[in-house]
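J.: Assemble the whole structure, with the sequences as input and the hints as a guide.
Here is how the chains run, residue by residue.
2 protein chains.
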Amino acid sequence: MAKQLWKPSTILNPVPAVMVSCCDREGKPNIITIAWAGTINSKPPMVSISIRKERYSYNLIKEKRQFVINLTTRKLAFAADFCGVKSGRDVDKFEAMKLTCEKASVVDVPLIKESPVNIECTVKDIIELGSHDMFIAEIEAVNVDESIIDKNGRLCMEKADLICYSHGEYWSLEKSLGYFGYSITKKKKVLRRRTSNKKGR
Amino acid sequence: MAKQLWKPSTILNPVPAVMVSCCDREGKPNIITIAWAGTINSKPPMVSISIRKERYSYNLIKEKRQFVINLTTRKLAFAADFCGVKSGRDVDKFEAMKLTCEKASVVDVPLIKESPVNIECTVKDIIELGSHDMFIAEIEAVNVDESIIDKNGRLCMEKADLICYSHGEYWSLEKSLGYFGYSITKKKKVLRRRTSNKKGR
Chain V
-14 MAKQLWKPST
-4 ILNPVPAVMV
6 SCCDREGKPN
16 IITIAWAGTI
26 NSKPPMVSIS
36 IRKERYSYNL
46 IKEKRQFVIN
56 LTTRKLAFAA
66 DFCGVKSGRD
76 VDKFEAMKLT
86 CEKASVVDVP
96 LIKESPVNIE
106 CTVKDIIELG
116 SHDMFIAEIE
126 AVNVDESIID
136 KNGRLCMEKA
146 DLICYSHGEY
156 WSLEKSLGYF
166 GYSITKKKKV
176 LRRRTSNKKG
186 R
Chain W
-14 MAKQLWKPST
-4 ILNPVPAVMV
6 SCCDREGKPN
16 IITIAWAGTI
26 NSKPPMVSIS
36 IRKERYSYNL
46 IKEKRQFVIN
56 LTTRKLAFAA
66 DFCGVKSGRD
76 VDKFEAMKLT
86 CEKASVVDVP
96 LIKESPVNIE
106 CTVKDIIELG
116 SHDMFIAEIE
126 AVNVDESIID
136 KNGRLCMEKA
146 DLICYSHGEY
156 WSLEKSLGYF
166 GYSITKKKKV
176 LRRRTSNKKG
186 R
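Chains V and W, in that order, are what the protein sequence lines are. The opening position of the first sequence corresponds to residue -14 in our numbering, with each subsequent residue numbered one higher. The opening position of the second sequence corresponds to residue -14 in our numbering, with each subsequent residue numbered one higher.
Calculated directly from the structure, the hints in this document are not laboratory data. Watch out, some of these pointers could steer you wrong.
To be verified - When the alpha-carbon atoms are kept at most 27 Å apart in a straight line, the in silico DSS-like pairs for lysine-lysine are as follows: (1) K28(V) <-> K47(W); (2) K47(W) <-> K(-8)(V); (3) K28(W) <-> K(-8)(V); (4) K144(W) <-> K60(V); (5) K171(V) <-> K160(V); (6) K28(W) <-> K49(V); (7) K144(W) <-> K160(V); (8) K60(V) <-> K98(V); (9) K(-8)(V) <-> K60(W); (10) K60(W) <-> K13(W).
T.: Structure below.
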């Protein structure tokens, strides 16, 4: 089929929908759900999140220069949506969504206990882009729930039941289509890996 | 359950797995699959992609300062994996994966015809982070296949059958869990929207 030429828009999909926890100077916590987020570097591990200046969390993160990325699961989808729509100026999101503040290990910002993976970050740079500022951050520590670690200490991320965000909707990750490198691996090996790697829920 | 403290790592999941097309000075095209990518700004629409200096496409994009993000579908998963593993130094990926070069509208870099959404980008800045350089780019134009546009001109992204990448595996997006704002919408309205918005394949 033919293609239509459309004006520039933020049409990259799917993207993450992560719950970013932060707090003010007095330690009062807040959560903002962010879709403009991504990994940007491997060594050292770095992420970026982009936030509008008008958002309540913008100043909290700018002042504290720390935040935590909490990965979003199917169970947390409703809370993630709520934390993306409502403002921390009007509502205590931890309380409203019955989420639990947990102490982080390195940063002075709380984790969301109900999220299976919490990524503690320190802001290294803030770049003004227009509608959003991009916070470039280094990952300081990672907290992983034991429920997604197997007896050999291996991370079974598929047990976390993560979701993504595409064109205004939250989607579950249902079916693995292959692992990195499967296109050049001999067929027998792929089959063996597939059999031993079924989704554990 | 309790949490284990892990060392810093690139554990943000899921992320996109986009096929980025580029070309050298003579116009010879290449494709690199990138997971370190994301939207970073809305107005103007901007994206970032991070690339290791050692990668063949790194210099192509650095010199040309243009690239195209081609969204990855279930049908393109195998090719996306191949383009992420193999180097353009050794193989013509368009030829090997039987993909079709298509002329872009604004940039001087080809699109992948088989991808339903091609995002034409111009590099605005390159930031060295360590293992990767982050290319900050503005979206110049978007090409959308008519097969994912309905008769009213509305983009039905769910028809594109996009995939994402999580912890080393490609995943299909199977089931919508709700749209942005559903957590604060009255139940009747959500039900109505759900009924009229079933996945069209």
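J.: Hint by hint, say whether it matches the structure.
T.: Here's how the hints hold up against the structure:
Straight-line distance between C-alpha atoms of K28(V) and K47(W) comes to about 20 Å, which keeps the hinted pair within the 27 Å bound. Distance restraint check for K47(W) and K(-8)(V): the Cα-Cα separation of roughly 25 Å lies within the 27 Å cut-off, and the hinted pair is therefore satisfied. Distance hint between K28(W) and K(-8)(V) is fulfilled; the C-alpha atoms sit about 12 Å from each other, no more than 27 Å. Among the hinted pairs, K144(W) with K60(V) is consistent with the structure: their alpha-carbon atoms are about 25 Å apart, no more than 27 Å.
Restraint check for K171(V) and K160(V): the C-alpha separation of about 21 Å stays at or below 27 Å, so the hint holds. This hinted pair checks out: K28(W) and K49(V) have alpha carbons roughly 26 Å apart, not beyond 27 Å. As the CA atoms of K144(W) and K160(V) are separated by approximately 17 Å, the hinted pair is consistent with the 27 Å bound. For the suggested pair K60(V) and K98(V), the alpha carbons sit about 13 Å apart, so the restraint of at most 27 Å is met.
Note on K(-8)(V) and K60(W): the hinted pairing holds, with a Cα-Cα distance of about 26 Å set against a maximum of 27 Å. The suggested pairing of K60(W) with K13(W) holds, with an alpha-carbon distance near 25 Å, which does not exceed 27 Å.
In this structure, every one of the numbered hints holds.
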